[in-house]
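2 protein chains.
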Amino acid sequence: MNGKIKVGLMGFGTVGTGVVRLVDSYKEDFFNQTGSVIEVSRILVRNPEKERSVFVNSDIVTTDPRELIYDQEVEVIIEVMGGIEPARTYILEAIEQGKHIVTANKDLMAIHGEELIKKAREHGCDLFYEASVAGGIPIINAIVEGFSSDRITKIMGIVNGTTNYILTKMSHEQASFDEVLQEAQQLGYAEADPTSDVEGLDAARKMAILSSLGFHVGMNLEDVSVRGISKVTLEDIKYGEQLGYTMKLIGIAKKDDELIEVSVEPTFVKNTHPLANVNGVFNAVYVYGEAVGETMFYGPGAGELPTATAVLSDLVTVVKNIKLGVNGRNMATPYNVKKLKREEDIYAKYFIRLIVNDESGVLAQIAKLMAAEEISLEKVLQEPYPSNPKKAELILVTHQASKKCINNVLAAFENVDYIEKVKSCYRVEGGE
Amino acid sequence: MNGKIKVGLMGFGTVGTGVVRLVDSYKEDFFNQTGSVIEVSRILVRNPEKERSVFVNSDIVTTDPRELIYDQEVEVIIEVMGGIEPARTYILEAIEQGKHIVTANKDLMAIHGEELIKKAREHGCDLFYEASVAGGIPIINAIVEGFSSDRITKIMGIVNGTTNYILTKMSHEQASFDEVLQEAQQLGYAEADPTSDVEGLDAARKMAILSSLGFHVGMNLEDVSVRGISKVTLEDIKYGEQLGYTMKLIGIAKKDDELIEVSVEPTFVKNTHPLANVNGVFNAVYVYGEAVGETMFYGPGAGELPTATAVLSDLVTVVKNIKLGVNGRNMATPYNVKKLKREEDIYAKYFIRLIVNDESGVLAQIAKLMAAEEISLEKVLQEPYPSNPKKAELILVTHQASKKCINNVLAAFENVDYIEKVKSCYRVEGGE
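Residue numbers (the working numbering), protein chains in the order written: chain B, 11 to 442; chain H, 11 to 442.
Please note that the accuracy of each hint is not assured.
Just so you know, same-sequence chains aren't split out, so a pair can sit in one copy or run between any two.
Below, in silico cross-link-like pairs of lysine-lysine (DSSO-like), each with a Cα-Cα straight-line distance of 27 Å or less [unchecked claim]:
1. Lys413 <-> Lys164
2. Lys164 <-> Lys330
3. Lys431 <-> Lys164
4. Lys333 <-> Lys60
The set of hints was computed from the structure by calculation and includes no laboratory data.
So that you can see chain B by itself, here it is in the shape it has in the complex (with noise of 0.2 Å):
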């Protein structure tokens, strides 16, 4: 190693073109921290044509991957592509030439990660992938190495910012779903399909990471039970208000005993829960260990630039670890055996919104139904219902009550002629 370090840019896009900018504009403090100089020697493109905001050579630009994968200069591919296909194979390939990986993959490495980490330790290469999850939040070393010494219980988090910012216009100015996202994706805040962001499958796909590495287990993408926001309504958003809470899309990822839950749904976050003020695109993950109790990291989500730094924070590691020799060994590896919850197991606040005939009697049959099935109450609203004064609106917030119990007592509701409709039901957090 002459003191240069070669490194092949995999994808030219926001993150892209932000890894190249900070490696220039920080060439002198990677030096001081490295004591090597980083270049981008090769950058791989889709369209080597498109204009980009920031220079660089044209002969470094290409369309074919082997001339990153196979040049023998350089050591480090940064993989900021997306999308499962081609990445996984260009990265597989990479491993196999001894190339070490920085990925910012999160949909690659919540439904691959354990094939390629694998293949990297084989190889004695490193892969690392801070930028998957909460972009400018060091998020994956805290949990890593600064909770190596206590045992993680829960990991709850807002960790998709357009959904965040969704949640938060839709409180803030009384705006519905549909119009908030239209103005999200004005902004380039929400995709053009925004169905990914919106049903809450980045979330998913960042909570497993997380609980993968918090857990020290191989948890999947199917194991995390997925709802968006997509129906929530701004009435909902609305009543949580009058009671204290605030609407989040919440990951939460909890360990009792040796049984792991993982969900991504819209929850109501009491407003004294630091959550419950994290607003617009930033994202926030709250950290619960045995020993040291509770944490929050806190930053911007996603971003060209806190991205970007992610990426070239582990490029450091990368280079700190060519220099030291050690290389393919300091990675997580998951060494507990996964056993996920039953929804008899998994047990948490509800808040249930009915439309309910407004007559004498109807709450003792519902407190009825509910007692049936071990479920207690905590606050009850009625409201009048607006188009109708023969109805009300009902709010019952419960006590802990396992899944299993709420989804029979939502089904026993169905079926009662006192109960028109239920409206909506939300898990709540934030609270003993």
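Chain H: place on chain B using the hints.
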């Protein structure tokens, strides 16, 4: 190395007890992470007869430091005695014997950090001190690793739990400083001699450590401008609240171009800023990176188990480094030249509270004095002065102004007869 790492523990107070407890209960997790069993094989105590809340074999307890320092089998020394001497001498001697050091000693690191790190590096030993700042928050790791590819421009935080507890109580319960301090002492949140916490020295030590790491310079305790909370009155807090501020003891380390300022002082934080909502004994550190923008780290600042966790996460790193054979190479060392700001380079908003004559023209005169120092006003609040109807309380909040100009204008205020008294002056943070 036979798969067992023997550790010598210096100090067996609260944190030491926590370390013994954690080492015991996390044996299995340690093994899974490091491939080694960790054993506390020697404990240095002052009084071997003292009752402890955790059981250890009396054979391993000693009052002679040489039994740890010269024990060939001990590879790592954990120092949780606190204070400068004899901790400094013991650590230097232990390093000479090739021991790796993990310390929670902020006093020592703030004053002799450079000397100790240099010594450790010379002997190929690790020296880590995550537990010295904000116990349960892996903030040193976040700054060193997470921000390795960014340029930190500002670190701002609540790094002392005792004072945050006192200020929170004063504000929430409308109580005086003396009342709350007494209560905190009874609850064990404040020491019998509270000077180090209350006068900001503890926070200053932590800011010296964080700013050294964040800006890659050797900051000393004397470089930190310090002011405690003992003169903060309930009236100040209430007037601040009327203007939308919360009083916090804030540590600030800021770098503009190449110039650095580090201070600890009672500060009004805008209520919309995340730090305003950090209450009780919790700590929070907000780190601003040029690329990443704003991030915040929140958690318990002290306590037996949170601090012990930080000690043990450092121990995990040491043990991994032993396995990798890379000790003594991964510690942060200053590579930038330290240039401190003068008073005329330090810019902030300020809250100034005056008792003035309640006569026409007074505000105009005051504004004129301020204009002479090029200070302009963002907010003005005038309230009747309770005990004298001829006087008025006047609160001024300035736009950004240099500390020098603020000091000049405060001096000028002392010399005019229409101002009876300058009651207080605080820095204001958390807005643009």
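Inset, instruction - Enumerate the violated hints, using their earlier numbering and listing them in ascending order. - result: 3 and 4
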